[in-house]
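Q: Now for the letters of each chain:
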Amino acid sequence: MQHLWLIPLLPLAGFLINGLIGKRLPNFPVSVIAVASVALSFGWVLKTLSALGPLETAHVEHYYTWFQSGTLNVGVDLAVDRLTAVMLLVVTGVGLLIHIYAIGYMAHEGGYYRFFSYMNLFMFFMLTLVLGANFLLMFVGWEGVGLCSYLLIGFYTLKKSAGDAAKKAFIVNRIGDFGFSLAMFLVVVNFGSLDFQKVFDAVRPMPVEQSAGLLTAIALLFFVGATGKSAQVPLYVWLPDAMEGPTPVSALIHAATMVTAGVYMTARASVIFERSPMAMDVVAVVGVVTAAMAATIGITQFDIKKVFAYSTVSQLGYMFIACGAGAFSAGIYHLVTHAFFKALLFLGAGSVIHALGGEQDLRHMGGLMKKIPITFGVLACAWLAISGVPGFSGFYSKDEILMAAHHSSPWIYWVGVVTAGMTAFYVSRAMFLCFFGSYRGHHHPHESPFVMWGPLGVLAVLSVIGGWCFNVPHYLAPMFPLAEGAHDETLVYISVAFGLGGIALAFLMYVVSPGIPDVIANALGPIYRLVYHKYLVDELYGAVIVSPLVNGSRALLWRFMDAGLIDGIVNGTATMSRTVGGVLRLFQSGSIRSYAAWVTVGCVVLLMVLGVMAGGVQ
Amino acid sequence: MPTSVPLNWYLILSAILFGLGIAGFVFRRNIITVFMSIELMLNAVNLSFISFSYQLRHVDGHIFSFFVMVVAAAEAAVGLAIILTVFKNRATLAIDDVSSMKN
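Here the protein sequences line up with chains A and B, keeping their order. Read in order, the letters of the first sequence correspond to residues 2 to 619 in my numbering. Read in order, the letters of the second sequence correspond to residues 14 to 116 in my numbering.
Don't take every hint at face value.
What the hints assert, rightly or not - Incomplete in silico selection of chain A near chain B, CB under 8 Å:
| hint | residue |
| --- | --- |
| 1 | Arg594 |
| 2 | Ala597 |
| 3 | Thr601 |
| 4 | Gly603 |
Said to hold, decoys possible - Okay, the calculated beta carbon distance ranges per label pair:
| hint | chain 1 | residue 1 | chain 2 | residue 2 | range |
| --- | --- | --- | --- | --- | --- |
| 5 | A | Thr574 | B | Leu33 | 43 to 51 Å |
| 6 | B | Phe79 | A | Met614 | 29 to 37 Å |
| 7 | A | Thr158 | B | Ser112 | 57 to 65 Å |
| 8 | B | Asn102 | A | Val581 | 36 to 44 Å |
| 9 | A | Met609 | B | Leu33 | 14 to 22 Å |
| 10 | A | Val600 | B | Val83 | 18 to 26 Å |
| 11 | A | Trp599 | B | Thr105 | 24 to 32 Å |
| 12 | B | Val83 | A | Met609 | 15 to 23 Å |
To be verified - Here are a few chain A residues that sit away from chain B, every Cβ distance over 10 Å (derived from the structure):
| hint | residue |
| --- | --- |
| 13 | Gly111 |
| 14 | His445 |
| 15 | Asn472 |
| 16 | Glu490 |
| 17 | Thr491 |
| 18 | Leu525 |
| 19 | Ile593 |
These are calculated hints, taken from the structure and not from any lab test. Where is the CB? At the ideal position from N, CA and C, for every residue including glycine.
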């Protein structure tokens with residue numbers, strides 16, 4: 002026994018302490034409790050992994066039977082294998098850094114204890130999701146992180162837009178969770194178990210399905226869940242809005258950990274996916290469409306967090322390209338490096354926003370390089386990493402993905418390469434607009450405190466060295482065999498060329514001659530406006546799904562069913578009682594003699610009725 | 014009891030007495046009169062019991078009428094005590110004036 006339960010339970014303890022008595026504590030002990038619980042959890046992960054050694058096979062710990070029904074037996078089991086180990090390190094490691102950062106970022110916000118207790122609760126559910134040894138326990142974590150995401154997006158409870166965004170995230174995720182539940186039902190019905198081990202052992206001998214069938218259905222339904230949680234087309238719409246939450250939340254939940262749960266789940270269920278070529282194609286195509294579409298939107302946005310949000314959607318698309326191409330380890334590799342550099346981008350953006358007193362619009366920034374040099378320095382690392390500059394972490398993982406994509410279908414590779422160019426372009430654009438040129442805002446910028454840039458420094462180092470320091474595909478090789486085939490140097494040069502070209506183009510357009518973007522925007526006119534308004538997807542969903550639902554509910558469910566039928570029955574009962582009572586009230590005159598008279602009349606009538614019924618007076 | 018008097022006559026007498034009792038109870042305002050009307054109704058019922066008991070050669074009617082008499086005696090004791098108290102407190106015996114429990 003390695004006492005794996007301590008890993009998720011420590012943050013839960015932090016949540017309980019802060020949630021129950023945090024309101025009465027000053028900020029300092031609250032942050033100590035929150036950070037210490039995550040730090041202990043991280044420490045326990047390190048201790049466990051060092052104790053477990055190479056982890057060639059999964060280490061499973063059974064605690065108790067959750068429920069048993071017929072032959073279905075679901076236990077509270079936690080398991081660690083190499084995939085889980087990677088996820089555990091990312092979640093607790095990056096989570097710890099972001100918790101530390103949040104001490105500084107949230108210092109002047111109200112609801113300090115509430116923020117940290119939600120963050121701890123999130124860590125608990127995320128670790129449950131990662132550690133769970135069966136689909137149901139994973140689903141518990143899956144739903145739990147959704148709840149925490151809802152709570153933290155809507156953290157600024159007084160802002161209506163925050164509440165709306167939280168509801169949107171929650172409702173859109175419900176659609177995905179519905180797919181996940183259906184997939185679990187299919188698994189239970191067909192395999193009689195929810196344990197990963199048993200299900201995958203049952204699936205392994207099955208032949209590869211050539212067309213629609215059981216495994217394809219299960220895989221696609223799981224993927225519906227993944228599109229919801231990991232913000233893929235067509236359910237990606239919630240993630241950009243989720244930026245209403247505080248920036249550490251965007252970094253932790255909506256960039257580094259929770260949104261990658263879909264990728265983790267796909268990799269976990271890789272045995273099922275691999276046996277369904279159709280599902281794999283769907284995964285790859287959805288991934289590439291999402292990557293390209295989100296990247297184009299990212300180019301046009303002016304809110305610094307929105308740019309990075311679309312970037313996250315796009316990078317998640319990359320991870321699914323890898324999964325769809327069968328290179329699950331490449332997807333997880335990108336998940337790890339993305340966790341480093343995207344968390345860094347968000348936290349750096351948070352540092353910029355913090356420095357500018359809440360300003361998020363790129364048009365009101367500029368020339369900050371000299372004013373907040375540390376933030377610029379760390380953000381530059383993330384910038385070069387996400388752009389795929391050789392030597393930085395993003396280069397290695399993106400390279401793996403594009404290689405795998407080229408191996409499975411070249412057109413995905415080419416779209417991916419162009420998207421990589423766009424990625425480099427829009428991140429560079431944000432960087433140039435933010436740090437180069439002259440300052441266009443009014444607030445006096447100030448550098449963030451050490452507690453904020455300390456974690457940024459660690460993440461910056463990880464963003465730089467994370468690629469060659471942690472060779473994730475090699476580590477995961479026992480689970481996901483490395484791809485065969487030659488490493489084509491040309492393909493690497495092409496993707497690097499696109500990445501550097503994107504940076505160069507952004508440099509030309511936003512630093513050398515800043516007039517070009519407006520000229521291009523005007524020249525493209527309607528197309529630019531379409532992309533700027535995010536392809537009007539929100540409006541389309543509003544017109545096709547939301548407003549028919551709202552209007553239908555209003556007319557049928559509210560006006561007819563609720564107000565008409567249900568209220569009608571209730572009010573009718575009341576009206577009837579009142580009418581009948583109104584008549585009966587006349588008898589209750591309060592005069593004893595009238596009662597006596599009525600009793601007499603009643604007796605006489607009763608006797609007459611009895612007499613008539615008995616056959617009349619003889 | 015002379016056999017020439019038929020049962021119906023007793024019953025008719027009983028009904029008349031009962032009717033008088035009701036009329037007194039409903040229309041009179043003096044509490045003592047109302048009380049006497051109740052006694053009249055009880056005794057009208059007693060008469061019916063005895064008549065049926067005789068007619069049917071069965072003792073149940075007698076037993077019932079004894080019960081009624083006992084209850085009536087108890088009721089008279091309690092009722093008269095109440096009437097006395099009411100009169101002491103209110104200086105009236107009009108039944109409509111004793112209505113403070115109403116509303």
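Q: Each hint should be assessed against the structure and marked as holding or not.
A: The hints, checked one at a time:
For Arg594 (chain A), the interface hint holds, the least distance from its beta-carbon to any beta-carbon of chain B being 5 Å, beneath 8 Å. Interface hint status for Ala597 (chain A): upheld, as the beta-carbon distance to the closest one in chain B is roughly 5 Å, under 8 Å. Interface restraint check for Thr601 (chain A): the shortest CB-CB distance to chain B comes to about 5 Å, inside 8 Å, so the restraint holds. At its closest, the beta carbon of Gly603 (chain A) sits 12 Å from a beta carbon of chain B; the interface hint therefore is violated under the 8 Å criterion.
In this structure, Thr574 (chain A) and Leu33 (chain B) meet the distance hint of 43 to 51 Å, their C-beta atoms being roughly 46 Å apart. The beta-carbon spacing between Phe79 (chain B) and Met614 (chain A), approximately 33 Å, falls within the hinted interval of 29 to 37 Å. The beta-carbon spacing between Thr158 (chain A) and Ser112 (chain B), approximately 60 Å, falls within the hinted interval of 57 to 65 Å. The supplied range of 36 to 44 Å is met by Asn102 (chain B) and Val581 (chain A), whose beta-carbon atoms lie about 39 Å from each other.
A hinted range of 14 to 22 Å holds for the C-beta pair Met609 (chain A) and Leu33 (chain B), which are about 21 Å apart. Judged by the Cβ atoms, the range 18 to 26 Å given for Val600 (chain A) and Val83 (chain B) holds: they are separated by roughly 23 Å. At about 26 Å, the beta-carbon gap between Trp599 (chain A) and Thr105 (chain B) stays in the expected band of 24 to 32 Å. Between Val83 (chain B) and Met609 (chain A) the CB atoms are about 32 Å apart, so this pair departs from the stated range of 15 to 23 Å.
At roughly 56 Å from the closest C-beta of chain B, the C-beta of Gly111 (chain A) stays outside 10 Å, upholding its exclusion from the interface. With a least CB separation of 76 Å from chain B, His445 (chain A) remains clear of the 10 Å interface cut-off, as annotated. Distance check for Asn472 (chain A) against chain B: the nearest CB is about 92 Å away, which clears 10 Å, and the non-interface claim stands. At the 10 Å boundary, the C-beta of Glu490 (chain A) stays outside the reach of chain B, the nearest C-beta of that chain being 103 Å off.
Here Thr491 (chain A) stays apart from chain B, with its beta-carbon at least about 102 Å from theirs, past the 10 Å limit. Listed as a non-interface residue, Leu525 (chain A) keeps its Cβ farther than 10 Å from every Cβ of chain B; the least gap is roughly 84 Å. Annotated as non-interface, Ile593 (chain A) brings its C-beta within 10 Å of a C-beta of chain B; the closest such distance is 7 Å.
Hints 4, 12 and 19 from the earlier list are contradicted by this structure; the remaining hints agree with it.
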